[in-house]
Amino acid sequence: MMPKILLVEDNEMNRDMLSRRLERKGYEVAIAVDGAEGVEKAKSGEFDLVLMDMSLPEIDGWEATRQVRAHPGAEKLPIIALTAHAMAGDREKALEAGCDDYDTKPVEFKRLLGKIEALLNADA
Amino acid sequence: MSARDSNAVPNGLVGRRQAALLRLTTAIAAAKDEHEVYQSIVDGLHDEALGYNFLGVFLVEPESGDRVLQASVGWEDVPTDMHVHSGEGLSEEAIRDGKLHYTADVTKASRYFASLASGSEVDVPLRMDGETIGVLVVESSEPDAFGEDDFEILTAAATQASIAVGRARLLAAERQRAAEFEALIETMGIMSSELELTKVLQAVIARAVALLRASGGEVAILEPETNELVVLASENIGKDSVGTRIAIGEGAMGTVAETMEPVIIPSYHEWLGQSPKYSDITVHSVMAAPLLIGKRLVGAIAIVHSDPERLFNKEEDLRLLRSFAPQAAIAIENAGLYTAAQRQKQYFEQVVVNSPVAIVTLDPEHNIVDANPAFQTLFGFSEEDSVGHNLDELITTEESRKDAVQYTTQALDSPIRGIGRRKRKDGSWVDVEILGVPVLVDGERVGLMGMYHDITELLEARREAEAANTAKSQFLANMSHELRTPLNAIIGYSEMIQEEVEELGHDEISKDLQKVHTAGRHLLSLINDILDLSKIEAGKMEFHIETFSVHSMIQNVLDTTEPLVKTNRNTRVLEMPDDLGDMRSDLTKVRQMLLNLMSNACKFTEDGTITLTVEPDEHAQGRFIVFSISDTGLGMTPEQMANLFEEFTQADSSTSARFGGTGLGLAITRRFCHMMGGDVQVKSKPGEGSTFSIRLPQSIDELATEPPGAQGGGQK
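Protein chains in written order, with this note's numbering: chain F, 1 to 124; chain R, 125 to 840.
To be clear, the hints were calculated from the coordinates, so they are not data collected in a lab. It should be emphasised that the depicted structure is a prediction, and the values quoted were computed from it without experimental measurement. From the three backbone atoms N, C-alpha and C, an ideal C-beta is built for every residue, glycine too. One thing to keep in mind: the hints can contain errors.
[As the list claims (entries may be wrong)] Taking lysine to any residue pairs in the SDA-like style, the calculated list, with each CA pair at most 25 Å apart, reads:
(1) R:Lys639 / F:Lys4
(2) F:Lys110 / R:Ser673
(3) R:Lys363 / R:Pro386
(4) R:Lys635 / F:Arg111
(5) F:Lys43 / F:Pro57
(6) F:Lys115 / R:Lys438
(7) F:Lys93 / R:Thr609
(8) F:Lys25 / R:Ala613
(9) F:Lys110 / R:Val333
(10) F:Lys115 / R:Val674
(11) F:Lys110 / R:Glu626
(12) F:Lys110 / R:Gln679
(13) F:Lys25 / R:Val333
(14) F:Lys110 / R:Asn652
(15) F:Lys110 / R:Leu648
(16) F:Lys115 / R:Arg645
(17) F:Lys4 / R:Glu624
(18) F:Lys25 / R:Ile633
(19) F:Lys25 / R:Arg645
(20) F:Lys93 / R:Ser658
(21) R:Lys438 / R:Val333
[Stated by the list, open to error] Okay, the calculated bits of chain R under chain F, using three or more residues with CB under 8 Å as the criterion:
(22) 511 to 521
(23) 617 to 626
Starting from the given sequences, assemble the full structure and let the hints guide the process.
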């Protein structure tokens, strides 16, 4: 049984590209197109890991992460923050909000895979 | 042969002769001037019993050679200054040869200046300093009246008279000099008490005319702007010549101004050099002299006689004029200096009055002595409102007073400069740049001067400029973000498709996709550079300081650049001690800089070696780590290196065509290094490769200077 990943991403192309690449690596990928949907799905307990875009409409990634973390049972759900801003402070902000790791977009797929695997293995 | 030789004369006559000589001696001694000397000679000798019936003293006038009567007794109807022309009269003989002449019977002498029907005459020369200056004439109404005894007594009398005349003349010269001196003192007094040139010159010319007993004169000054003489003082020359302009070389004063030598013109209206400006006046003779300070001409002085009978004496008169000339010259010079000083003072007063900067002067107690119109305009206080009031109480409120008083107090000692807010009369605020300086007069501190420059607009302009700059940076940041979103798709899809086609074995498509992917990555790095630079420019570059292992970071850099090293078939060498330990800095930026330098080295080197050296560098400023990246590539000339670290610059324009890049990498590297308390250097020679060295503090916290922390270590 391959791990299930929730990808929270509002940009359609990024969503499509990343999900297909992850699926080709054998992961089961579910999609959420905004923060609110992301939080709802993450709370369900179906997922082993969340890839969270930070610049989301309505509820942004930082807020969504906090809400997920606040949900009983999701305290330890691995969350990797993705941000287009290579801005200083984004990483701290993401870690503060409760993310376990951080990567910048456009993703360097191999690196991201490494981070995903590391978190899943640590969890296991 | 004399009818009366000494033996034949009765004793009484001997006594009378001696008595006459004694009288003469006594009278001469009492004489107060030359004229009294002459009078006492004739009065003393006059004795009817001795036959000294008619006596006269004549002096020779040097200019004409005439004998001029000075004193006489016995002659009637004789003018007091009777002239006997040369070639007339018996007395000329004595003058000519300087000896006593006796004429026993005047009726038989052809040259006798007929005054007596009969008689005899003795002419005794008056000699002084080896020269005959005149003659003593003694006549008797009897022929043959004088003998040797008379000659002896008259010679003795003439000798005594000569001595007395010499003494009287000396005395007169002395008196003249005393008078001149007094006149000079008086003139000097006027000069120092009233530095008004016209008055001084008027006084000088009046004294000169009086002392020379001339009829008039004038003084002109040289006007440097036009190089013309301008008459400033005129004394009795028959017209008011003040203001007359005279060219150099024109007329008497123009002539002396040109030759720098005095001149005496005996007959002005016959003189070829006369100026038409003076043709209408009744001047007969003129004496003029240049007025000089050293050898520099400052003006000219002229003295005139309108009486045709009067002539200027080359020695005496010129000497007198020359004694006046320097005084007039000094007066002109002093007045000139005074005028210059006055002008300068007026100039500075005008500068202050017209200055757009508010200027206020204070006494040592901080009370306003003077405030210029700009001060009154800026703060709204009239002169009445401000003068005499304490400045700080006037233009501050309770809250800002302490600050202002501190400025004022300090400005009494040394110049101060600052920016502050001051209150206007209407209570509104004004932003001002403040400059305060102590006012020293001859080394004594007499107060201070404050200058206020309204910088409201300047501050407004700065705020606008800052806002515009922020907007620009924001725009760049936004645009970079907007550019990156489609780039994400390009890079991501090309990478993904490449993976797919590789799996399917379409290698030829894979290569093309690799090119799309590489180009996408390159574009991304350019956008990142521009974003970095715009953040640095806007002062918004942030630093996260963390502790990391130098070894791990270097390993990461080597791993990342490994494909680049291989691209041009280069070999990579690492030289690094094992015990470097941790570094405390901005990991991302250090790595970014090393990646940039490694990437450059790989780009510009083919089939060569790229050496990364890491070494500690410890000295007074602290512990540093130096990262050096050497290549064996193209190398650079000094000209190419000159602008290497400037924005948008590569070694030369062909470089970008061949190797790509924005030319921002090194500029960013240098900015980062400086902001992190280090620096970057380059050593290179064409054909011998290049070495770039980054030197950074091992721990950024140890920096003595303020570390560029998370609050934004941008340019100040």
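Now the hints, each set against the structure:
| no. | hint | in the structure |
| --- | --- | --- |
| 1 | R:Lys639 / F:Lys4 | 33 Å, violated |
| 2 | F:Lys110 / R:Ser673 | 23 Å, holds |
| 3 | R:Lys363 / R:Pro386 | 23 Å, holds |
| 4 | R:Lys635 / F:Arg111 | 22 Å, holds |
| 5 | F:Lys43 / F:Pro57 | 19 Å, holds |
| 6 | F:Lys115 / R:Lys438 | 121 Å, violated |
| 7 | F:Lys93 / R:Thr609 | 21 Å, holds |
| 8 | F:Lys25 / R:Ala613 | 19 Å, holds |
| 9 | F:Lys110 / R:Val333 | 117 Å, violated |
| 10 | F:Lys115 / R:Val674 | 22 Å, holds |
| 11 | F:Lys110 / R:Glu626 | 16 Å, holds |
| 12 | F:Lys110 / R:Gln679 | 18 Å, holds |
| 13 | F:Lys25 / R:Val333 | 126 Å, violated |
| 14 | F:Lys110 / R:Asn652 | 21 Å, holds |
| 15 | F:Lys110 / R:Leu648 | 18 Å, holds |
| 16 | F:Lys115 / R:Arg645 | 21 Å, holds |
| 17 | F:Lys4 / R:Glu624 | 22 Å, holds |
| 18 | F:Lys25 / R:Ile633 | 21 Å, holds |
| 19 | F:Lys25 / R:Arg645 | 23 Å, holds |
| 20 | F:Lys93 / R:Ser658 | 22 Å, holds |
| 21 | R:Lys438 / R:Val333 | 16 Å, holds |
| 22 | 511 to 521 | violated (count 0) |
| 23 | 617 to 626 | holds (count 5) |
Checked against the numbered hints above, the structure breaks hints 1, 6, 9, 13, 22 and satisfies the rest.
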